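Engineer: Now for the letters of each chain:
Number of protein chains: 2
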Amino acid sequence: MTDPIRILIVDDHAVVRKGLAMVLRLEPDLDVVGEAENGRVGLEAALSLHPDIALVDLVMPEMDGQTMALALRKSDPKMKIMMLTGTEVDDRVFDLLSVGIEGYVFKNIEPAELVRAIHAVVNGEAYLHPAVMKKVLGKIQPQSAPFVLLTPREMEILDWMATPNTYKQIAVQLGVSEETVRSHAKNILEKMKQPNRAQAVLSAMKMKLLKLNG
Amino acid sequence: MTDPIRILIVDDHAVVRKGLAMVLRLEPDLDVVGEAENGRVGLEAALSLHPDIALVDLVMPEMDGQTMALALRKSDPKMKIMMLTGTEVDDRVFDLLSVGIEGYVFKNIEPAELVRAIHAVVNGEAYLHPAVMKKVLGKIQPQSAPFVLLTPREMEILDWMATPNTYKQIAVQLGVSEETVRSHAKNILEKMKQPNRAQAVLSAMKMKLLKLNG
DNA sequence: CCGCGCCTCCCCCGCGCGGGGGATTGAGAA
DNA sequence: TTCTCAATCCCCCGCGCGGGGGAGGCGCGG
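Protein chains in written order, with our numbering: chain A, 4 to 217; chain B, 4 to 217.
It is possible that some hints are incorrect.
Claimed, not checked - Calculated pairs, EDC-like style, for lysine to aspartate or glutamate (alpha carbon to alpha carbon, straight line, at most 20 Å):
hint	chain 1	residue 1	chain 2	residue 2
1	B	Lys171	B	Glu157
2	A	Lys138	B	Glu128
3	A	Lys194	A	Glu182
4	B	Lys77	B	Glu47
5	B	Lys209	A	Asp162
6	B	Lys110	A	Glu128
Honestly, the hints are just simulated from the structure, not real lab data.
Since this is a predicted model, take the numbers as computed values, not measurements.
Throw the hints in and build the complete structure from the sequences for me.
Structural biologist: What follows is the structure, given as structure tokens:
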């Protein structure tokens, strides 16, 4: 067997901390190495204790979980972070997830489930509560609002407009005159109601007409 | 108690179908109402049987799971779909998820976990295998934005560069001179090695320095 | 047949912008 | 203290680009 998983618990409610610690200590391969009552203290504890994973409450005095997670990400990008919250799931989860946390669970989670979640996260996977996952899925699905008023040729030009090429260079690539490209570009800008090339490309990407190849 | 959950199993391997059916029938609140050996047959079965959820294998002859899921989505958007696959997780999962399935599990899943997944999905939640979830998360937080060579002020200017505002207008907004903004912009372009404002913004978005607010 | 949309090409104008210089201040590191 | 660097401001130049105009050919549907 490998070393036990070192866990730091950060929550402003002592009863929650104690409860979590008790549950987790029942597992032989889990080791609660520290507790903290807010983000500021939790951050210090995390940086000195170097746990494998930090269970962090979202709402706390002094420094909230998101702020702490952000700071922790910068200081120690490898440390896993699992966020603990109530049961509300609003759009702020995306801000949270964009911080780069690996786990997101609710406080009413089943102990066995939490243990599994911790293992998953420490193993480099990610664990989100299904309700949160649903929201995330909904975000990547919304997909293709097919607002295509552009002709095929204009779509092609639009693709090229997302490149560093000047209209003259695009014209060479397409084997037409620069004036033709500029003419298409003008029509595109007008149709999309965008003031310039940069905004047109940005707008196109937002409405999924273009995909960022990267 | 409510009625049992009606399940349709679609897999080209009889042994998998039988195995799944056997495991699921052990649960009193689960009811396997049908089996099918490929997407085409599965689609017909789904539309006639109206199960609560369809467990669908990804790779099948005649019609694969993704095609079936897509067709099923159009015919009966409320029916839940859980995709079953091997253990490979490549970028095609995003095509799959964009179809709008609610579940994505591997065939080597623990029976108890599968049961929980089915319940979660039928309850309107979503269930993804942690490895898949990790990939999805990586998509919305492609994470580790280490490439921050920009100063805070430059980041601020970069944000504004993603707007239709001219440098002069940005300067007014920030309460500084146009020359200052242009100076920052020049430094940004040089640091990012981008030829112009449009490419800088695009590039910034690709490396997630900027997020498309939409 | 005739109109209409699409693609092609052309001209002019003015300004936003990229790229090249440089200067000053203040904060923080060496 | 000295030196670096972020942040501020200034000048000049040339070109890419947005916006305005117009025109001809071609295919397609009424």
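Engineer: Run every hint past the structure and note whether it holds.
Structural biologist: Consistency of the hints with the structure:
1. Lys171/B - Glu157/B: With Cα atoms ~16 Å apart, Lys171/B and Glu157/B stay inside 20 Å; holds.
2. Lys138/A - Glu128/B: 9 Å, holds
3. Lys194/A - Glu182/A: Satisfied, since the Cα-Cα distance of roughly 18 Å is no more than 20 Å.
4. Lys77/B - Glu47/B: 13 Å, holds
5. Lys209/B - Asp162/A: 16 Å, holds
6. Lys110/B - Glu128/A: Holds, at about 18 Å.
This entry satisfies every hint, going by the numbered hints stated previously.
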